[in-house]
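Chemist: These protein sequences, in sequence, are chains A, B and C. When we follow this note's numbering, the leftmost residue of the first sequence carries the number 1, and every step to the right adds one. When we follow this note's numbering, the leftmost residue of the second sequence carries the number 1, and every step to the right adds one. When we follow this note's numbering, the leftmost residue of the third sequence carries the number 1, and every step to the right adds one.
To be clear, the hints were calculated from the coordinates, so they are not data collected in a lab. Hints may be right or wrong, so weigh each one.
[As the list claims (entries may be wrong)] Within a straight-line C-alpha distance of at most 30 Å, the following computed DSS-like cross-link-like pairs (lysine-lysine) qualify: (1) B:141 - C:178; (2) B:105 - C:72; (3) B:275 - A:228; (4) A:180 - B:165; (5) B:141 - A:180; (6) B:81 - C:242; (7) C:150 - B:81; (8) B:242 - C:72; (9) B:165 - C:200; (10) A:53 - A:129; (11) C:200 - B:242; (12) C:149 - B:60; (13) A:218 - B:78; (14) B:112 - C:72; (15) B:78 - C:150; (16) B:8 - C:72; (17) B:60 - C:72; (18) C:178 - A:180.
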Amino acid sequence: MSVIIRTDALRFAYPAAEGVTPVVLDGVSLDIEEGSFVAVLGHNGCGKSTLAKHMNAILLPSGGTVWVDGIDTGDEDRLLDIRRTVGMVFQNPDNQIVANVVEEDVAFAPENLGVPPAEIRQRVDDALKAVGMYAYREHAPHLLSGGQKQRVAIAGVIAMRPRCIVLDEPTAMLDPIGRKDVLRTIKTLNRERKVTVVLITHHMDEAAQADRLIVMAKGSVVADGAPKAVFSRVEELRQVGLTVPQTVALLWELRQEGYDVPLDALSDEECAQALYQLLQAV
Amino acid sequence: MQPIIETKRLTHTYSAGTPFEHTALDSVDFCAYPGEYLGIIGHTGSGKSTLIQHLNALLKPTSGQVLFQDTDIWSDPKITKKTRFQVGLVFQYPEYQLFEETVYKDISFGPKNMGLDSKEIDRRVRSSAYFVGLRDDQLEKSPFELSGGQKRRVAIAGVIAMEPKVLILDEPTAGLDPEGVESILGNIREYHHAHNATIILVSHSMEEVARSVDRLVAVNDGRIPFQGTPREVFQHGDELEKMGLGVPQLTRVFHRLRTMGVDIDSSVYTLDQAKAAVLEKLKGGMG
Amino acid sequence: MALKDITLGQYFPGNSPVHRLDPRTKLICVVLYIVALFLASWFVTYAIMLAVLGISIAVSKVPLKSILRGLKPVLFIVVFTALLNLFYTPGNTVLIHFWIFTVTLEGVYRAFFMVVRIMMLISGTFLLTYTTSPILLTDGLESLMNPLKKIRVPVHELAMMMSIALRFIPTLIEETDKIMSAQRARGADFESGNLIQRAKALLPLLVPLFISAFRRADELATAMECRCYHGGEGRTRLRQLKYKTADYLTLLLFLAITVGVGVLGHFGL
């Protein structure tokens, strides 16, 4: 499979203030494969948002290199190519919606790219259908719920036809229904449209749904693998200020008591199954 | 026991007489007792925000009453004003309301408005800063230099400094990482114990309310469909799901275990309860 | 009343013939309408203008109530100008005279027409914003002002700024509401005290509001960059503005009305 985003020894530090050099990213080397669903987990200030902003040249590395589809993000002449390849969705939906009408907002990116009007129409309708907001195309965004606004923001990015979407804590400000809807939308885009998804989050249950989970702490990658494998490293995660899903936490507690239960039973069913087997064995 | 705060047939209609008219609360009877830790759960638009804004007189009932210690808070403007100080309300994302040059000054805004003398203000600022884990040297900093989590503590301290008898917090942990969530919940618990204050925690997270509160009130469509201990409320799994809330993950797991034929207490909702239930079953053997 | 109840100039989505007109047509018509209002001088011409406004509102299907509600905030200015005109218009037919005030018949007429003119002016502009989405409105303005690009007026940037400002007004109003409630919960008092005290009391509201507005602006700029915004160059639009037969007819009609009112007004009708 081809690599859509590659970071090599990526280092980033904000300009030094008062003698301290705050290093935010310290040698991050990652390959994001095209079509994959990657979650990046870490507590606030671990560098995960900074990493995200490097993935479409919003920030440029202080050291090391980032390639998007083979283009060095430092190449200013290719800036538009980079940004149309990797779309970006942010935490606060209010602050990324430009227009007063949903469909006008979704049209914003294709308009910037100089897409002919008839095709813009097509892309807008298609993008709104992809996020399930087509019925709201003529609504005013400020009257929508948080989850709906965030889906409009995602449609606004989809309308660029990007090959990859990076979402920086897209559900942090949403209620449970909004979170569920947004997550479902992201998963559908990944499965049905083969869009590569990089989901930055600190919700364990969201991270658990990805194909691959990257855990960051203090500007470095501390764990990288399938969610099941990563979450079973309970102590390490707790050391970097993260918790594990309740299911894993329970199984871990039982293991501490000396019972032989698997640690990689993440979902409700798997956990119930694991407990069932434990109880049957007695 | 006598409730410290209660509402009687409280109804609130927004934008009455316009096309945007909307009844957010419909004849709600709600109460909270002295010293209890109460949770309010409800989806966005359920009416829970409208309810809590009535409890400290920010909103006036369209009809019905709000009683604080048996007195109608709207019976006299003086009482209305006093209620604002006795019932502290921490809004969602409270860090966005900070405005002073220093943390100290910002926390003292509430106590100053209460008309306290400077010695008492100083005591309150320092003690509330302590509750939320702010260091003394941070008091002289600008609140805008602090991290997001610390800003939130400053904002919470600003309400705690009024030493309210009832402290209401609307989604105090929204957007924080697990460490931040733990420490804020810890701060709230400490205040609860130290002042024997009534705490009302509004949250979307069932796990969060499950391990904090003594009693839960569910709000949906401007009404209170059920309330009780977390154990009782989480029995309404399907209804909660329909309200867009759900139950804690471990409750779901244990329900599943029961449907698989295991005779186990399915009303657990915290990690400790779940662990205890499994261990008991293991030690007692399969029944 | 909560701040968010204010619907000043808010777009009412609809599909009436007025809604469907090209925004440029509506903009030009409003300008013509305002010119005509100033050319009107007596009952006949004002009656014609009132009829123009009345028919436009009826065709637009915007509820009259909403238009009237829009007039509320400017009531003070209207009353004030009316009083000024009432008392300070010199004339021959003195109706009432006391102390330094003199009310003449001319003054009464002048105050009356002034009130009618201002109300009709505001109603007319509101009808424009009620029936035209802000995006179309800015598109229309941008297109009408396009010739100014030649003298280096940043037309696209101005239009973009305007549409973003319009987009954020409801958001900021909501935010103002929220911050006000939060500060009132800490005992802030926005309603009492003298002018200086009141101005000081606004600080806890204005500081957070400004900080938040800057934060929003910053985040929005990043989000726009991420969506490949790079100025007006090479930009296409979802909606292409196009004059249709109805537009030409409306323009002609309004031009005729303006000329007609001008002529009649000239003769003092």
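Chemist: Below or equal to 30 Å on CA atoms is what counts here, so check residue 112 of chain B against residue 72 of chain C.
Modeler: violated, 37 Å
Chemist: Could you grab the alpha-carbon distance between residue 81 of chain B and residue 242 of chain C and see if it respects the 30 Å cut-off?
Modeler: Roughly 59 Å separates the two Cα atoms, so the pair is violated.
Chemist: Are the Cα atoms of residue 150 of chain C and residue 81 of chain B separated by 30 Å or less?
Modeler: With a Cα-Cα distance of about 60 Å, the restraint between residue 150 of chain C and residue 81 of chain B is violated, given a limit of 30 Å.
Chemist: Need the status of pair residue 78 of chain B, residue 150 of chain C: alpha-carbon distance at most 30 Å?
Modeler: violated, 64 Å
Chemist: Checking one constraint from the list: CA of residue 141 of chain B to CA of residue 180 of chain A, max 30 Å. Satisfied?
Modeler: violated, 39 Å
Chemist: Assess, step by step, whether the Cα of residue 53 of chain A is no farther than 30 Å from the Cα of residue 129 of chain A, and give holds or violated.
Modeler: Roughly 27 Å separates the two Cα atoms, so the pair holds.
Chemist: Hinted pair, alpha-carbon criterion (30 Å max): residue 105 of chain B, residue 72 of chain C. Please report holds or violated.
Modeler: With Cα atoms ~40 Å apart, residue 105 of chain B and residue 72 of chain C exceed 30 Å; violated.
Chemist: Sort out whether residue 60 of chain B lies within 30 Å of residue 149 of chain C, counting only the CA atoms.
Modeler: Distance ~53 Å between residue 149 of chain C and residue 60 of chain B Cα, so the pair is violated.
Chemist: Given the hint that residue 141 of chain B pairs with residue 178 of chain C, test it: the Cα-Cα distance must not exceed 30 Å.
Modeler: Roughly 25 Å between the alpha carbons, so the hint for residue 141 of chain B and residue 178 of chain C holds.
Chemist: Does the structure keep residue 200 of chain C and residue 242 of chain B at a Cα separation of 30 Å or less?
Modeler: violated, 47 Å
Chemist: Residue 242 of chain B and residue 72 of chain C: Cα distance at most 30 Å?
Modeler: Measuring from Cα to Cα gives roughly 43 Å; hence the hint is violated.
Chemist: Measure nothing beyond the straight line between the CA atoms of residue 165 of chain B and residue 200 of chain C; if it is 30 Å or shorter, mark the hint as holding.
Modeler: Holds: residue 165 of chain B and residue 200 of chain C sit about 29 Å apart, inside 30 Å.
Consistency note: the structure conflicts with the earlier hints numbered 2, 4, 5, 6, 7, 8, 11, 12, 13, 14, 15 and 16.
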